[in-house]
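Taking the hints into account, I'd like the entire structure generated from these sequences.
Here are the chains, one letter per residue:
Number of protein chains: 2
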Amino acid sequence: MKLASLKSGRDGRLVVVSRDITRYCAADNIAPTLQAALDDWENVAPRLEALYRDVEHEAVPCIRFHEHDAASPLPRAYQWADGSAYINHVALVRKARGAELPASFHEDPLMYQGGSDAFLGPRDPIPLRDEVWGCDMEGEIAVITDDVPMGVGAAEALGHIKLVMLCNDVSLRNLVPAELAKGFGFFQSKPPSAFSPVAVTPDELEGAWADGRVHRPLLIDYNGQPFGRAEAGVDATFSLADLVAHAAKTRPLSAGTVIGSGTVSNRDADGGPGRPVGEGGRGYSCIAELRTIETIRDGAPATPFMRAGDTVSIEMRDAHGHSIFGRIEQVVEQA
Amino acid sequence: MKLASLKSGRDGRLVVVSRDITRYCAADNIAPTLQAALDDWENVAPRLEALYRDVEHEAVPCIRFHEHDAASPLPRAYQWADGSAYINHVALVRKARGAELPASFHEDPLMYQGGSDAFLGPRDPIPLRDEVWGCDMEGEIAVITDDVPMGVGAAEALGHIKLVMLCNDVSLRNLVPAELAKGFGFFQSKPPSAFSPVAVTPDELEGAWADGRVHRPLLIDYNGQPFGRAEAGVDATFSLADLVAHAAKTRPLSAGTVIGSGTVSNRDADGGPGRPVGEGGRGYSCIAELRTIETIRDGAPATPFMRAGDTVSIEMRDAHGHSIFGRIEQVVEQA
Numbered sequence: 001m002k003l004a005s006l007k008s009g010r011d012g013r014l015v016v017v018s019r020d021i022t023r024y025c026a027a028d029n030i031a032p033t034l035q036a037a038l039d040d041w042e043n044v045a046p047r048l049e050a051l052y053r054d055v056e057h058e059a060v061p062c063i064r065f066h067e068h069d070a071a072s073p074l075p076r077a078y079q080w081a082d083g084s085a086y087i088n089h090v091a092l093v094r095k096a097r098g099a100e101l102p103a104s105f106h107e108d109p110l111m112y113q114g115g116s117d118a119f120l121g122p123r124d125p126i127p128l129r130d131e132v133w134g135c136d137m138e139g140e141i142a143v144i145t146d147d148v149p150m151g152v153g154a155a156e157a158l159g160h161i162k163l164v165m166l167c168n169d170v171s172l173r174n175l176v177p178a179e180l181a182k183g184f185g186f187f188q189s190k191p192p193s194a195f196s197p198v199a200v201t202p203d204e205l206e207g208a209w210a211d212g213r214v215h216r217p218l219l220i221d222y223n224g225q226p227f228g229r230a231e232a233g234v235d236a237t238f239s240l241a242d243l244v245a246h247a248a249k250t251r252p253l254s255a256g257t258v259i260g261s262g263t264v265s266n267r268d269a270d271g272g273p274g275r276p277v278g279e280g281g282r283g284y285s286c287i288a289e290l291r292t293i294e295t296i297r298d299g300a301p302a303t304p305f306m307r308a309g310d311t312v313s314i315e316m317r318d319a320h321g322h323s324i325f326g327r328i329e330q331v332v333e334q335a
Numbered sequence: 001m002k003l004a005s006l007k008s009g010r011d012g013r014l015v016v017v018s019r020d021i022t023r024y025c026a027a028d029n030i031a032p033t034l035q036a037a038l039d040d041w042e043n044v045a046p047r048l049e050a051l052y053r054d055v056e057h058e059a060v061p062c063i064r065f066h067e068h069d070a071a072s073p074l075p076r077a078y079q080w081a082d083g084s085a086y087i088n089h090v091a092l093v094r095k096a097r098g099a100e101l102p103a104s105f106h107e108d109p110l111m112y113q114g115g116s117d118a119f120l121g122p123r124d125p126i127p128l129r130d131e132v133w134g135c136d137m138e139g140e141i142a143v144i145t146d147d148v149p150m151g152v153g154a155a156e157a158l159g160h161i162k163l164v165m166l167c168n169d170v171s172l173r174n175l176v177p178a179e180l181a182k183g184f185g186f187f188q189s190k191p192p193s194a195f196s197p198v199a200v201t202p203d204e205l206e207g208a209w210a211d212g213r214v215h216r217p218l219l220i221d222y223n224g225q226p227f228g229r230a231e232a233g234v235d236a237t238f239s240l241a242d243l244v245a246h247a248a249k250t251r252p253l254s255a256g257t258v259i260g261s262g263t264v265s266n267r268d269a270d271g272g273p274g275r276p277v278g279e280g281g282r283g284y285s286c287i288a289e290l291r292t293i294e295t296i297r298d299g300a301p302a303t304p305f306m307r308a309g310d311t312v313s314i315e316m317r318d319a320h321g322h323s324i325f326g327r328i329e330q331v332v333e334q335a
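These protein sequence lines are chains A and B, in that order.
Okay, so the first sequence: first residue is 1 according to the UniProt record's numbering, each after it adds one.
Okay, so the second sequence: first residue is 1 according to the UniProt record's numbering, each after it adds one.
Hints are computed from structural coordinates only; laboratory data are not their basis.
Any given hint could turn out to be false.
Given that identical chains are not distinguished, each listed pair holds provided it fits within a single copy or across any two copies.
[Said to hold, decoys possible] In silico BS3-like cross-links for lysine-lysine, where the CA-CA straight-line distance does not exceed 30 Å:
no., residue 1, residue 2
1, Lys162, Lys249
2, Lys7, Lys249
3, Lys162, Lys7
4, Lys95, Lys182
5, Lys182, Lys249
This is the structure in structure tokens:
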């Protein structure tokens, strides 16, 4: 099924959306918010699934769904933890600054605790106080779990993934080096992220959901031009289930936990760094990766970070070309 | 006023507690949960204050308040960000491993994003899967804000501090070095924290609340013996308002954001590292600090981290000896 939260108050209003993302039926008589549904998922999900079947069969009255009316599926969440499943991205960033990739990075995922108190809506502007901070997009896959016990393995973790979304993990790149040098991880360099208008159960992905990975290209346009076409199922060293298990090693995870894949990133077909889409490559899911490649190739980055007025869109389509999650579409705005 | 959340469901049941923490009156007719109260604080707080006056004047029927029935005031929160206001603690940890303290640490606070999806109750056991992980307590002051706009200064941030609590920021010390070496900050090394049974408005602290600092000793007992008596108002390089402003530099903070002071830590009267309480010093608010002092003095730490059965209590008393927030009291339990 497909779920969305229409903008309303702090937590939105839960609706069931048709498979083609054109119609919705209010579901707040079943659960007022997506968080409330997740808090009692075992009981609530079958009722939402039944409504979804009715929506698909046009057995209930539906209303036209406008993606710009949607908040992020969880407008605020109790947990947002973002991994780095695509080691290619991490390796490139390190190579650009002349650092080796520790072998342990292939066994032990990178993950940071992100802020989750207020996500941006999928069509909300990205408010930026200072362009010098180096605003960047990061196109990612994200999942929402139910309650996950402490110490689960990846196989068990897979069953706790209830919903899948896309994410724009907004980053302030020029604040990262000083912040990471302090040793406590990202904080000011990670302002609120945005998620796709619609969250879907894994079965909606059909064959594209396998091994805890989404096997479809992540379509990223920057200022209206194709920028990223990376295959999300390729070069993912860790599955989303691996990342859930990593997060749950020393503590349980509460229902409504959002876990991110990190920036989707592919090596080039020849094993080297990815080429731009315009040169026949799969492009990039963030500007920083292009800048690292420019640095490795030319000694310095050429592409600037995002400035007021720059736009990014993030989408994924099924094998028939239909949007699965709706489209994240954001413009940077001086705040 | 003093507020608590009695254990009930995922978010507890909001009650107003008498100043002496012996009686309560249900407040869920005003707001069902503390988060709901914070979401609409401007309207809700005056009604809670009115009920608090009635509780104090015994103008409403009250029920005996048992601290072990309380969850953390926010049983789960949308944000938990923990600073390091007490640079003495940071300096000692660095000195023990032979590292200098960067001068910038006196201007730019350390802060990490913590997990907030499920806090431990103040009398809940600390579940520990593996003693090898090096379980430690951290005694801290924590505040809860209302909505804080992006970019506020410290003076304005002060007005957004609505409630004050104590915190036990449980840490798994032996997981810290490898995790910080990866560069993304704490994650597995920071399992759920616990907060005091009662959260209080700053006016309840009377003269002890000044300059965004709480000027009372933090009383920590370990296995029934006095372990820490550090003055929370002393050696706090950053105020709680400074930390709120730091958190809000690049993004707004949503109502119900919890900001921690970091481990309370005092230098000795002679300017050196603190001495144990038993030797006339102010002791320590975590075991790691004692271990760093042992390392600096003797070349190696002698005091082990917490093991199953070890207990910690954290409390603060007013000038008349009355408990302000109730007592955090936890035992480590094999999970």
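How the hints compare with the structure:
1. Lys162 with Lys249: Close inside one copy (19 Å), not across copies (34 Å); limit 30 Å.
2. Lys7 with Lys249: between (34 Å within a copy, 26 Å between copies)
3. Lys162 with Lys7: both (22 Å within a copy, 27 Å between copies)
4. Lys95 with Lys182: both (21 Å within a copy, 15 Å between copies)
5. Lys182 with Lys249: both (25 Å within a copy, 17 Å between copies)
When each numbered hint is compared with the structure, no violation occurs for any of them.
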